[in-house]
Amino acid sequence: MIELRVRTVDAKHIRISGIDPLLAHCLQQLPEILEQRDAPTARDRLFPLPTTADRKTNDDWQQNVTPELRHLFASAGEIVLRDLTALSPPAGASRRHLTFPAEHANAWLSALNQARLILGATFSITDEDMNATGFDLNDPRQKAVLQIHLFGYLLQLFVEHEQQDSV
Amino acid sequence: MADTGTVIIEKTKTKETLDTPWNVIVLNDPINLMSYVTMVFQRVFGYARERAERHMLEVHHKGRSLVWSGGREQAEHYVHQLHSYQLLAHMEKSEA
Numbered sequence: 000m001i002e003l004r005v006r007t008v009d010a011k012h013i014r015i016s017g018i019d020p021l022l023a024h025c026l027q028q029l030p031e032i033l034e035q036r037d038a039p040t041a042r043d044r045l046f047p048l049p050t051t052a053d054r055k056t057n058d059d060w061q062q063n064v065t066p067e068l069r070h071l072f073a074s075a076g077e078i079v080l081r082d083l084t085a086l087s088p089p090a091g092a093s094r095r096h097l098t099f100p101a102e103h104a105n106a107w108l109s110a111l112n113q114a115r116l117i118l119g120a121t122f123s124i125t126d127e128d129m130n131a132t133g134f135d136l137n138d139p140r141q142k143a144v145l146q147i148h149l150f151g152y153l154l155q156l157f158v159e160h161e162q163q164d165s166v
Numbered sequence: 000m001a002d003t004g005t006v007i008i009e010k011t012k013t014k015e016t017l018d019t020p021w022n023v024i025v026l027n028d029p030i031n032l033m034s035y036v037t038m039v040f041q042r043v044f045g046y047a048r049e050r051a052e053r054h055m056l057e058v059h060h061k062g063r064s065l066v067w068s069g070g071r072e073q074a075e076h077y078v079h080q081l082h083s084y085q086l087l088a089h090m091e092k093s094e095a
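Chains as they are written, first to last, in numbering that gives the first Met the number 0: chain F, 0 to 166; chain P, 0 to 95.
Heads up, some of the hints might be wrong.
Claimed, not checked - Simulated restraints on C-beta separations:
1) P:E72 with F:T51: 38 to 48 Å
2) F:D19 with P:T19: 52 to 62 Å
3) F:A10 with P:E91: 21 to 31 Å
4) F:E159 with P:D18: 40 to 50 Å
No wet-lab data here; the hints were simulated from the structure. Each residue gets a CB set at the ideal place from its N, CA and C atoms; glycine is no exception.
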């Protein structure tokens with residue numbers, strides 16, 4: 000059995016290996032998901048206000064900080080989408096892999112988390128949804144929960160990789 | 000005399016504003032991974048793993064955690080950092 004892994008291949012590169020067809024399909028949908036960043040529900044989640052009551056601070060934040068965050072998130076997404084062009088081609092039933100510069104690890108953390116949050120906000124995903132088992136891929140909401148879990152699994156591997164590096 | 004009194008009141012008000020601590024609060028959401036939130040607390044605040052996990056669990060179980068308290072400017076910086084990692088965070092003036 001080949002497991003999904005995120006590992007350092009040399010001083011300058013990281014590899015995701017063991018990418019199955021379902022995860023590959025979900026990764027190829029990242030551009031479409033990240034494009035929803037500025038849809039109203041996703042925007043409210045990705046760009047929250049810094050205070051609950053201070054209108055002036057909130058206005059200043061939206062004018063000055065939010066565009067900077069939007070640029071940061073978009074840049075991370077673009078880096079990951081470029082990296083995805085190196086995804087190894089499908090070959091029968093074998094798993095695919097992807098090697099990219101180690102300095103892109105933070106962009107992957109950001110893009111995967113953005114995608115999860117965008118899907119969560121778009122479909123108003125709850126704790127109950129997240130605890131469900133069994134997914135009907137013809138149901139957009141259930142498909143979104145499955146994508147959130149798959150991206151979460153990969154994100155978890157990135158977090159573990161990050162923590163190994165910092166030990 | 001009246002002018003002098005006004006100046007004293009303004010100074011007092013300014014000092015109060017400067018001295019009032021601001022709390023940085025992180026809120027729960029059903030999507031963010033617990034391990035990711037812990038990592039962000041370690042990165043943003045430099046907290047040890049145990050302290051970062053304690054705050055993460057407080058967010059998870061109680062819906063919110065006061066993760067830092069101090070001057071307004073630094074609180075804004077931390078909220079900015081937390082938003083850059085896509086955590087739900089805001090700052091509020093301490094009632095203490």
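Task: Range hint 38 to 48 Å (beta carbons of P:E72 and F:T51) holds or violated - done: Given about 19 Å between the Cβ atoms, the range is violated.
Task: Cβ distance range 21 to 31 Å for F:A10 and P:E91, holds or violated - done: Check failed, 44 Å falls outside 21 to 31 Å.
Task: CB-CB spacing for P:D18 and F:E159 relative to the 40 to 50 Å hint - done: 42 Å, holds
Open item on the list: Taking the Cβ atom of F:D19 and the Cβ atom of P:T19, is their distance within the range 52 to 62 Å?
Closed with: 54 Å, holds
Hint compliance for this structure: hints 1, 3 are broken, all remaining hints hold.
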